[in-house]
Every structure is written in structure tokens, then in C-alpha cells.
Amino acid sequence: MGYRTGADRLQAIADRLRVPVATFFVGTVGSIEGVSPVLDLLRHPETARLVRAFAAISDPVTRHRVLSAVEAAAAGAEAPDEPPSGPATEAACDGSQEGQG
Numbered sequence: 001m002g003y004r005t006g007a008d009r010l011q012a013i014a015d016r017l018r019v020p021v022a023t024f025f026v027g028t029v030g031s032i033e034g035v036s037p038v039l040d041l042l043r044h045p046e047t048a049r050l051v052r053a054f055a056a057i058s059d060p061v062t063r064h065r066v067l068s069a070v071e072a073a074a075a076g077a078e079a080p081d082e083p084p085s086g087p088a089t090e091a092a093c094d095g096s097q098e099g100q101g
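Each residue of the sequence shown is one higher than the one before, counting from 1 in the UniProt record's numbering.
Calculated directly from the structure, the hints in this document are not laboratory data.
Please note: incorrect hints may appear among the correct ones.
Label-pair ranges, simulated between beta-carbon atoms [what the hints assert, rightly or not]:
{"no.": "1", "residue 1": "R63", "residue 2": "R43", "range": "21 to 27 Å"}
{"no.": "2", "residue 1": "E71", "residue 2": "L10", "range": "29 to 35 Å"}
{"no.": "3", "residue 1": "A75", "residue 2": "D15", "range": "19 to 25 Å"}
{"no.": "4", "residue 1": "A72", "residue 2": "L41", "range": "14 to 20 Å"}
{"no.": "5", "residue 1": "R43", "residue 2": "D8", "range": "19 to 25 Å"}
{"no.": "6", "residue 1": "D59", "residue 2": "T23", "range": "34 to 40 Å"}
{"no.": "7", "residue 1": "I13", "residue 2": "A53", "range": "23 to 29 Å"}
{"no.": "8", "residue 1": "V21", "residue 2": "A56", "range": "21 to 27 Å"}
{"no.": "9", "residue 1": "Q11", "residue 2": "A56", "range": "16 to 22 Å"}
{"no.": "10", "residue 1": "S58", "residue 2": "V19", "range": "14 to 20 Å"}
Quick reminder that beta carbons are idealized off the backbone N, C-alpha and C, glycines included.
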């Protein structure tokens with residue numbers, strides 16, 4: 001009989017190691033390798049934070065602006081109406097002001 005670990009505990013271990021849970025199941029059906037480009041995104045711990053934050057934006061205009069800024073950043077372009085850099089911006093980027101605003 002193999003070892004069984006609860007899903008919550010397994011997720012906590014994966015979070016601590018900064019790896020997706022699927023890492024523990026390499027070679028099994030549904031392992032992250034080559035299954036889906038969406039699942040490959042889960043390799044980045046920031047992905048879940050970004051999705052949660054984006055989903056919390058209720059205003060469609062703001063959602064569109066955020067999406068445009070992220071797409072511009074991904075393409076290497078300067079995002080429109082980019083905020084000035086500084087301590088407040090850096091704190092927002094590192095998550096230390098999460099839940100504010």
C-alpha cells in the first residue's frame with residue numbers, strides 16, 4: 001500500500017517548494033509535461049496571484065486596461081499610463097499591499 005497525502009497538505013508542500021502539485025506525479029497520466037499550455041503556466045507561482053487579482057476586478061473598463069497593460073508588458077512594449085516607479089509601486093508588485101485599493 002502506497003503513502004497517501006491529503007490534497008491540502010500536498011498543495012502546501014508544493015507551495016513551499018514553489019512547484020506545481022503535478023510535479024509529484026511525473027510520468028503519470030495527466031502529468032504537467034506536454035499536457036496543456038495552460039497547465040504549463042502553473043509552473044510560475046505568480047500565475048495564480050495574477051488570475052485571482054484579475055478576477056477580483058469588477059469594472060470591465062479596468063479589466064480591459066489591465067489586460068492591455070499585461071499584454072503590452074509581455075510583448076516588451078511600454079504599458080499605457082504606466083505608473084511611476086518608486087516604493088509604492090514596488091510594494092504593490094511584491095504583494096505587500098495585497099487587499100488594499
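Now for the hints, and whether the structure bears them out:
Distance hint check: the CB atoms of R63 and R43 are about 25 Å apart, consistent with the given range 21 to 27 Å. One distance hint, 29 to 35 Å for the beta-carbon pair E71 and L10, holds here, with the actual separation near 33 Å. Taken as a hint, the range 19 to 25 Å is violated for the pair A75 and D15, whose Cβ atoms sit roughly 30 Å apart. In this structure the hint that A72 and L41 lie 14 to 20 Å apart at CB holds, the actual value being about 19 Å.
R43 and D8 have their C-beta atoms about 21 Å apart, which keeps the hinted 19 to 25 Å range intact. Hint check: D59 to T23, Cβ distance near 36 Å, so the stated range 34 to 40 Å holds. Range check, I13 to A53: Cβ separation about 24 Å, and the 23 to 29 Å hint holds. The supplied range of 21 to 27 Å is met by V21 and A56, whose beta-carbon atoms lie about 23 Å from each other.
A C-beta distance of roughly 21 Å is found between Q11 and A56, which places it inside the suggested range of 16 to 22 Å. The hinted range of 14 to 20 Å is not satisfied by S58 and V19, whose Cβ atoms lie roughly 32 Å apart.
Comparing the model with each numbered hint stated earlier shows that hints 3 and 10 do not hold.
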